[in-house]
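Novice: Chains A and B, in that order, are what the protein sequence lines are.
Take the first sequence: its letters are residues 317 to 834, numbered as in the numbering used here.
Take the second sequence: its letters are residues 317 to 834, numbered as in the numbering used here.
Mixed in with the good hints, there may be bad ones.
Heads up, the list lumps identical chains together, so a pair's fine if it works in one copy or across two of them.
In silico SDA-like links for lysine to any residue, alpha-carbon gap of 20 Å or less [stated by the list, open to error]:
#  : residue 1 : residue 2
1  : K497      : A644
2  : K437      : L420
3  : K437      : E419
4  : K377      : T584
5  : K734      : D355
6  : K497      : S391
7  : K377      : F696
8  : K734      : Q457
9  : K734      : T467
10 : K734      : L322
11 : K497      : Q395
12 : K377      : R429
13 : K497      : P669
14 : K437      : R755
15 : K377      : D803
16 : K377      : R829
17 : K734      : Y321
18 : K497      : E721
19 : K377      : L433
20 : K734      : N324
21 : K377      : P691
22 : K437      : S417
23 : K497      : E522
24 : K497      : L438
25 : K734      : E427
26 : K377      : R828
Since the hints were made in silico from the structure, they are not lab data.
Below are the chains, spelled out letter by letter.
2 protein chains.
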Amino acid sequence: MTDHYLDNAEWQAAIADALERPDSEPMFNLRDDGDVVYDAIWVGGGAAGRFGSAYLRAMGKRPLVIDRWPFLGGSCPHQACVPHHLFSEAAALLDRSRWFSGELFFPEFDESRASILDLVKLFRAGRGSAHAFMNWQTQSQLEVEFILNATAEVVDRNTVRAAGRTFTAENLVLGIGAYQKPLTCPGAELPGVLDWATLVEDLDEEPTRCVIIGGGKVAVEYGSFFQATGCHTTIVSRSPILRTPSLHHVDEGIRRYLLEGMRLRGMTLMEGTSLIAVEGDDRVTGARVRDPDGREITLECDLVFNATGERANSDAVVAALGLQTGSAGEILVDSRMRTNVEGVYAVGDLIGPPMEMFKARKCGMAAARNIAGEPWEFDFSEYPDFLHSTYEVTWVGLSEEEARERYDDVTVIQMPPKGIEHEIPLPCAEGTMLYAFARPELTGLLKCVIDGESRRVLGFHHIGYGAKDAFQYLDYLLRRPEGLTIDELGEMNELFLNPEHFIQLSRLRAGRRELVDL
Amino acid sequence: MTDHYLDNAEWQAAIADALERPDSEPMFNLRDDGDVVYDAIWVGGGAAGRFGSAYLRAMGKRPLVIDRWPFLGGSCPHQACVPHHLFSEAAALLDRSRWFSGELFFPEFDESRASILDLVKLFRAGRGSAHAFMNWQTQSQLEVEFILNATAEVVDRNTVRAAGRTFTAENLVLGIGAYQKPLTCPGAELPGVLDWATLVEDLDEEPTRCVIIGGGKVAVEYGSFFQATGCHTTIVSRSPILRTPSLHHVDEGIRRYLLEGMRLRGMTLMEGTSLIAVEGDDRVTGARVRDPDGREITLECDLVFNATGERANSDAVVAALGLQTGSAGEILVDSRMRTNVEGVYAVGDLIGPPMEMFKARKCGMAAARNIAGEPWEFDFSEYPDFLHSTYEVTWVGLSEEEARERYDDVTVIQMPPKGIEHEIPLPCAEGTMLYAFARPELTGLLKCVIDGESRRVLGFHHIGYGAKDAFQYLDYLLRRPEGLTIDELGEMNELFLNPEHFIQLSRLRAGRRELVDL
Chain A
317 MTDHYLDNAE
327 WQAAIADALE
337 RPDSEPMFNL
347 RDDGDVVYDA
357 IWVGGGAAGR
367 FGSAYLRAMG
377 KRPLVIDRWP
387 FLGGSCPHQA
397 CVPHHLFSEA
407 AALLDRSRWF
417 SGELFFPEFD
427 ESRASILDLV
437 KLFRAGRGSA
447 HAFMNWQTQS
457 QLEVEFILNA
467 TAEVVDRNTV
477 RAAGRTFTAE
487 NLVLGIGAYQ
497 KPLTCPGAEL
507 PGVLDWATLV
517 EDLDEEPTRC
527 VIIGGGKVAV
537 EYGSFFQATG
547 CHTTIVSRSP
557 ILRTPSLHHV
567 DEGIRRYLLE
577 GMRLRGMTLM
587 EGTSLIAVEG
597 DDRVTGARVR
607 DPDGREITLE
617 CDLVFNATGE
627 RANSDAVVAA
637 LGLQTGSAGE
647 ILVDSRMRTN
657 VEGVYAVGDL
667 IGPPMEMFKA
677 RKCGMAAARN
687 IAGEPWEFDF
697 SEYPDFLHST
707 YEVTWVGLSE
717 EEARERYDDV
727 TVIQMPPKGI
737 EHEIPLPCAE
747 GTMLYAFARP
757 ELTGLLKCVI
767 DGESRRVLGF
777 HHIGYGAKDA
787 FQYLDYLLRR
797 PEGLTIDELG
807 EMNELFLNPE
817 HFIQLSRLRA
827 GRRELVDL
Chain B
317 MTDHYLDNAE
327 WQAAIADALE
337 RPDSEPMFNL
347 RDDGDVVYDA
357 IWVGGGAAGR
367 FGSAYLRAMG
377 KRPLVIDRWP
387 FLGGSCPHQA
397 CVPHHLFSEA
407 AALLDRSRWF
417 SGELFFPEFD
427 ESRASILDLV
437 KLFRAGRGSA
447 HAFMNWQTQS
457 QLEVEFILNA
467 TAEVVDRNTV
477 RAAGRTFTAE
487 NLVLGIGAYQ
497 KPLTCPGAEL
507 PGVLDWATLV
517 EDLDEEPTRC
527 VIIGGGKVAV
537 EYGSFFQATG
547 CHTTIVSRSP
557 ILRTPSLHHV
567 DEGIRRYLLE
577 GMRLRGMTLM
587 EGTSLIAVEG
597 DDRVTGARVR
607 DPDGREITLE
617 CDLVFNATGE
627 RANSDAVVAA
637 LGLQTGSAGE
647 ILVDSRMRTN
657 VEGVYAVGDL
667 IGPPMEMFKA
677 RKCGMAAARN
687 IAGEPWEFDF
697 SEYPDFLHST
707 YEVTWVGLSE
717 EEARERYDDV
727 TVIQMPPKGI
737 EHEIPLPCAE
747 GTMLYAFARP
757 ELTGLLKCVI
767 DGESRRVLGF
777 HHIGYGAKDA
787 FQYLDYLLRR
797 PEGLTIDELG
807 EMNELFLNPE
817 HFIQLSRLRA
827 GRRELVDL
């Protein structure tokens, strides 16, 4: 029980202390010490648990959140989205500094200053601020009760033990996330084998050559960052890169621009290739791989980065409650986040892909609303998506190829136009102005895919800078029952120069009864 | 008449030649040489003329565009929005390089490399590419006929002379823009007095100290750029800065953050101050001003930048056609862009403020649709807006102060929260990650203003990076008849980390029946 609110600085000190001392005490933010039956106990206070419990509290109910970490917010601010964004921002800046080395106000690029380890240290030193803020906000603004730095043991569907006490609730909501699947080949345990989580915890020496295992977003994002710092990076992927099953709607034109850009910046991309072993005696010295022709090659490196994907952290709760799971260990839920056990909900990465923030948080909201008696369903089969290379890549809806398979009359608006992609410095806007004037071929590519018959937009695709934020609203507009037509787009008010140009480009075609490509 | 399409490189060469030679010939892109009565002649092929004529053509009609410049697109790519964006991007990058000087991968900042003149030269050398593209696109993709590098003389409402020939049309559309009002005080003609148009044409020496006259967007934008390069800049404004009549809905909290940021970066802001004279013998040496206490002071400088606003370029066409004008010389039109003379339309900056791209282009579309027989009205009294300092500042809808005047139950969602604005490194996302970890007080500020009763959002406000693009769609959503509620926002799919955080912050409050601030 706390009788006062900690401010941000106090929370930050308390969290730092708890993370440093293995024997640190649980942290309680409970309204009283009496026996309470909570409306729901949230096991896990990550994105899903924090947003879901806050929603339930806002609806007037009484949730309790328990998390093993001394902070709320989960892996996002501690190991996942936040460091990824920090590294990707650094990658974009380093990339620009290289292209403009010695030109304009850019000094000669000094690669010796570019360091993965420096950025990891910056992240480690600063992550406590976001942790503190989320504890502060959850306590003082959202008024949610929680116990942190305490492992929750699920006893049954109404009972959880934590911090030496037993808590009772009408409902349980499980949101304990996923973990990076370890590599299983020989050498997988060697120092120098890292993943997105262990990178920020364990990196202690600057790597010089990296081999990334995997072909999804994480591979592209961390690979682009490593390469931008001067750590030569090879991506080893069984599938074609960004054609992994968990990614949908990646347009082939955008993908090609992206991969060409990665090669142009010196990365080696090996598709159809699989890892056989990590080599090294007491530290990684190489990755042995089998290429598409069956040849075995050793790629020398001092960092093997495991980007093979995550697995739901479901074993303990499945054993305790008899929950049904899918083929990858994910807990099966219906569209209201209900598991097969009455009163037990599961949310976030624990229920499988997409392991994205919007899904985690909205799962939490869905569980909260259903617990509070509002039968709200959440369908996350379609959503806007993004990744970083040294660019921001954002998309929603159908790719051009998917659209052509499903519709007879597909119109594409593309910039730069097909056939002159490398001549024209568009799209230029925030983030690409200098490129537009000095390196036009590096400014990006955009595409709007339209069904000519209904005039509805089927998909938006962008590689460049500055458009990511807009895709949240384009997603909403596209997925309205009435959709979004080229005519409505053309009547919107653009903020020129705007990074994705969709409004004004649509206006150049919207006057035509029969649509044609632009 | 052209019998083939020029490609981009050919257009670029032709435009460069035309701009260099005062006696260069007009450029014709006409479908045939026969006598034609066009559906409309567009006098001026800037933003309004290019988009409007393209729309009319798309509707199956036959427009002819005539422009005095050898390119379409008008002042935007030649002197206005494009250089402004280039300079503002440079300002943001220079600003970051200063804050991080000597840290991480940033070398010691070398101010001697930062040069206004270098960026002006980069712009001059590169602007032909956008010009060429617009000519190419208008000719080959949009199939609009045009005559460039030719002054149009309006004879009567159906007749225009240009390039030694006479052209006839059912309608005229006037879109010949606006010009920077010259300073009228003594010394206004001295070399070293520049504005947004003459800066990119005439700058020949690196300025070291600048005085900007005016307190609107242009003053903030160019002033922030000059200061970022190391040219010490003073803004001299009669009104409070960004409280000029042509700007509406600027939130006071955002404004304060912005102005404090400008001062923090070394700018001098003098409000309630007016220019008396520009001093100097054969070149600017100072600006004599009267401060709010009536004292006269000379501010030493080698650049006086005139940012006092623009005036419609209406004199010649008013004289030729007897058009009605408003108090600032702007041509008066109705919501269909019709002037008082039948068959004569006016569009773009020529009809007065807001002198923004969306308005120009959509005026053109409105004229086109009405000419083609579709009675389409365009109301531009409300729209999303933005400006740059070293930040991007974007807003739509009511400011917090305006909302509190008009509604009884106003809720504000703000990040960083009120009272701890300088403790918390939010909003962090693309563009503010490094700041979030190393200079949290520089990350920005956002605000969402809500009517608690209807739960509708009244206004969105953001200073930071990366949110501008989204405001185009937020504007559309806000201005739907049904508006946009906090509940709908909270159910959207965010792309986390997203620069403006509106979706997830709304979700933290949407569960409550009675809304409260966050």
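Novice: For each hint, tell me whether it holds in the structure or not.
Specialist: Going through the hints against the structure:
1. K497 with A644: within (11 Å within a copy, 68 Å between copies)
2. K437 with L420: between (30 Å within a copy, 10 Å between copies)
3. K437 with E419: between (30 Å within a copy, 12 Å between copies)
4. K377 with T584: Intra 54 Å, inter 53 Å, cutoff 20 Å: neither.
5. K734 with D355: neither (57 Å within a copy, 31 Å between copies)
6. K497 with S391: within (15 Å within a copy, 56 Å between copies)
7. K377 with F696: neither (26 Å within a copy, 45 Å between copies)
8. K734 with Q457: Answer is between: at 12 Å across copies they meet the 20 Å cutoff, but 51 Å inside does not.
9. K734 with T467: neither (56 Å within a copy, 34 Å between copies)
10. K734 with L322: between (57 Å within a copy, 17 Å between copies)
11. K497 with Q395: within (15 Å within a copy, 55 Å between copies)
12. K377 with R429: Cα proximity of K377 and R429: none, with 52 Å in one copy and 60 Å across.
13. K497 with P669: within (14 Å within a copy, 59 Å between copies)
14. K437 with R755: For K437 and R755, only the inter-copy Cα distance (15 Å) is at most 20 Å; the intra-copy one is 33 Å.
15. K377 with D803: The answer is between: 18 Å across copies meets 20 Å, while 45 Å in one copy does not.
16. K377 with R829: between (54 Å within a copy, 12 Å between copies)
17. K734 with Y321: Between copies only: 17 Å across chains, 59 Å inside a chain, cut-off 20 Å.
18. K497 with E721: neither (35 Å within a copy, 56 Å between copies)
19. K377 with L433: Classified as neither; 45 Å inside a copy, 62 Å across copies.
20. K734 with N324: between (52 Å within a copy, 14 Å between copies)
21. K377 with P691: within (16 Å within a copy, 54 Å between copies)
22. K437 with S417: Answer is between: at 18 Å across copies they meet the 20 Å cutoff, but 26 Å inside does not.
23. K497 with E522: For K497 and E522, neither the intra-copy (24 Å) nor the inter-copy (57 Å) Cα distance is at most 20 Å.
24. K497 with L438: neither (26 Å within a copy, 49 Å between copies)
25. K734 with E427: neither (36 Å within a copy, 41 Å between copies)
26. K377 with R828: So K377 and R828 pass the 20 Å test across copies only (11 Å; inside, 54 Å).
Violation of the numbered hints given earlier is confined to hints 4, 5, 7, 9, 12, 18, 19, 23, 24, 25; the remaining hints are satisfied by the structure.
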